[in-house]
Amino acid sequence: MELAPALTTNHDLEQELVALYPALARRMAMVLRDPDIAQDIAQSTMVRALEHRRRFTGGDLRAWVYTIGLRLAFNELRRRRTVQGRSSAEEPTWAMTMDPDLWVALAAIEPRARAALFLSVLDGYTHAEIGRILGAREGTVSSWLSRAKDRLRSALEEDDR
Amino acid sequence: MTHFHSDLRARLLRLEAAAPDAAPAATAAPRTHGKRTVAAVGLLSLAILASAAVVGEPALSRATYESRLRDFGVPAGAEVVAFQADADGNFLTVMYRDSSGQVVTLGGIERQHTPPPTP
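Protein sequence lines, in the order shown, are assigned to chains F and V.
With the working numbering applied, the first sequence covers 1 to 161.
With the working numbering applied, the second sequence covers 1 to 119.
Keep in mind the hints are simulated off the structure, nothing from the lab.
Glycine included, every Cβ here is placed at the ideal spot set by N, Cα and C.
Check before you lean on any hint, since a few could be wrong.
Restraint ranges, calculated between C-beta atoms of paired labels, are given here [to be verified]: (1) S100/V with G139/F: 21 to 29 Å; (2) E90/F with S100/V: 23 to 31 Å; (3) R70/V with D60/F: 36 to 44 Å; (4) R70/V with R78/F: 35 to 43 Å; (5) L13/F with E66/V: 35 to 43 Å; (6) D98/V with E91/F: 30 to 38 Å.
Computed footprint of chain V on chain F; a stretch qualifies when at least three of its residues, placed anywhere within it, have a C-beta under 8 Å from a C-beta of chain V [what the hints assert, rightly or not]: (7) 61 to 71; (8) 108 to 114; (9) 118 to 130; (10) 134 to 141.
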């Protein structure tokens, strides 16, 4: 058994990271749409964040963690290529119980755009901040958000008729 | 803020709040997906461990978990910050806080490789 060098760490940072786990897990479930993959990615994100915690130089810890998590998530989606084509029978109960119309409408949005939508609408990040988190240009983020909202507006208003 | 935007935000908030956010399966055996071993990772203040609800996964008993920690070299009573385990539930990495408050890492972080997409 190898004993790695002791790591000095900021106790508060670890506590904050641990406290972020539930929100991270929920966000991954919203973006990835598969609870098992979401939990795997959330856990991998926490390991990665703890491993690299010295690289966090202050600022928005949630954005830092989301950056790690979303990039792992998109790598995983590229690997699996199973986002499309799920039948409604495979959709998670929690989503289909809470708001099936919204959940189904969100499925039509490309995963990066979906993540951008959540970062904008739920977290209030600016387009520039979202671009940094997702590794995309600000203009691309603006385009994603515009198309995502148009698509949701169309789908949800149609459901209301 | 438009009505659509505020309504969308409210619906997204409710939907996300319903999403699963269980603490990592601290006592669960790691799951495997295809050839890739998915490491179970614990964020284990012992309080989290005690309250962790593990649904649908085979679980190690608390006693087995504690025993494996001791075997891996973690001092009794130490607070485990995180761990990775292989598909058989054997620890690969354990991060724990020693008596001085420093985090000690036993083992090495197991990388999860993302192979290139198959054609």
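Hint by hint, here is what the structure shows:
1. S100/V with G139/F: 21 to 29 Å: Violated, at about 50 Å.
2. E90/F with S100/V: 23 to 31 Å: About 49 Å separates the Cβ atoms of E90/F and S100/V, which means 23 to 31 Å is violated.
3. R70/V with D60/F: 36 to 44 Å: The hint (36 to 44 Å, Cβ to Cβ) holds, given that R70/V and D60/F are roughly 39 Å apart.
4. R70/V with R78/F: 35 to 43 Å: The hint (35 to 43 Å, Cβ to Cβ) holds, given that R70/V and R78/F are roughly 40 Å apart.
5. L13/F with E66/V: 35 to 43 Å: Once the Cβ atoms are compared, 27 Å apart, the range 35 to 43 Å for E66/V and L13/F is violated.
6. D98/V with E91/F: 30 to 38 Å: Hint violated: Cβ distance 45 Å, outside 30 to 38 Å.
7. 61 to 71: Answer violated; 0 residues pass the 8 Å Cβ test.
8. 108 to 114: violated (count 0)
9. 118 to 130: Result for this restraint: holds, n = 3.
10. 134 to 141: Contact hint for the region 134 to 141 of chain F vs chain V: violated, 0 residues under 8 Å.
Of the hints listed earlier, those the structure fails to meet are numbers 1, 2, 5, 6, 7, 8, 10, in rising order.
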